[in-house]
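S.K.: Chain residues, written in single-letter form:
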Amino acid sequence: AQSVTQPDIHITVSEGASLELRCNYSYGATPYLFWYVQSPGQGLQLLLKYFSGDTLVQGIKGFEAEFKRSQSSFNLRKPSVHWSDAAEYFCAVAPYSGNTPLVFGKGTRLSVIA
Amino acid sequence: DTGVSQDPRHKITKRGQNVTFRCDPISEHNRLYWYRQTLGQGPEFLTYFQNEAQLEKSRLLSDRFSAERPKGSFSTLEIQRTEQGDSAMYLCASSPLEVTSGRGKAQFFGPGTRLTVL
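Read top to bottom, the protein sequences are chains A and B. In this text, residue positions in the first sequence follow this note's numbering: the first is 770, and each later residue adds one. In this text, residue positions in the second sequence follow this note's numbering: the first is 2, and each later residue adds one.
One thing to keep in mind: the hints can contain errors.
[What the hints assert, rightly or not] Using C-beta positions, here's what the derived DEER-type ranges look like:
1) B/SER67 / A/ALA786: 44 to 54 Å
2) A/GLU784 / B/SER67: 44 to 54 Å
3) B/GLY41 / A/SER849: 23 to 33 Å
4) B/LEU56 / A/ILE780: 35 to 45 Å
5) A/HIS779 / B/GLU29: 17 to 27 Å
Don't read these hints as lab results, they were simulated from the structure. For each residue, glycine too, the CB sits at the ideal point set by N, CA and C.
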């Protein structure tokens, strides 16, 4: 069965600092990969997705993620964090396509300090 | 697109009562999903539809849970005889089906319905 691991439960960064959120997946083939962001009490907003092709994908709000097949990883990065980025971030995988059930990690909560 | 909408946003009920949630997907999205999210966890898949057909149900979906999408547009999720363990955020998502390749695109989520069972 597919699984997603987000090793960091909570990360605190200073505003303006760079950010990397880790995501590792367990699946035999290359899955479809996603990052979502969730503000408190809200639904999930899609940040970016990887289906195939270029392993560095750009998303909204200045985020990017890099797919590394050898490491089964899909880490999310942002060069300069803004206070409004404070939220919960979820990595998700789908085994067959973008419109089959997603398997989510447990999430990483991002706090931003001045 | 107006986005995925869910109603109600919050529901408080007493143990043993029945509750029903509604989800309106993005128009013309063929697939509709239900997920459940408990505090401190990622969403977990419950069930999904392609048009009016229910394609898959998770083992998380006990007999007390039923979902429908009668006309292939909106969907309802009903929980009968609610238990305190049912307290969670219930998320709905929809996605288009890419006919040419079948690979489809991403899922777009609604704001969720937060259920509290007392």
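S.K.: Each hint needs a verdict: does it hold in this structure or not?
M.R.: Quick rundown of the hints versus the structure:
no.	hint	result
1	B/SER67 / A/ALA786: 44 to 54 Å	48 Å, holds
2	A/GLU784 / B/SER67: 44 to 54 Å	47 Å, holds
3	B/GLY41 / A/SER849: 23 to 33 Å	28 Å, holds
4	B/LEU56 / A/ILE780: 35 to 45 Å	36 Å, holds
5	A/HIS779 / B/GLU29: 17 to 27 Å	39 Å, violated
The structure fails hint 5 only (numbered hints given earlier).
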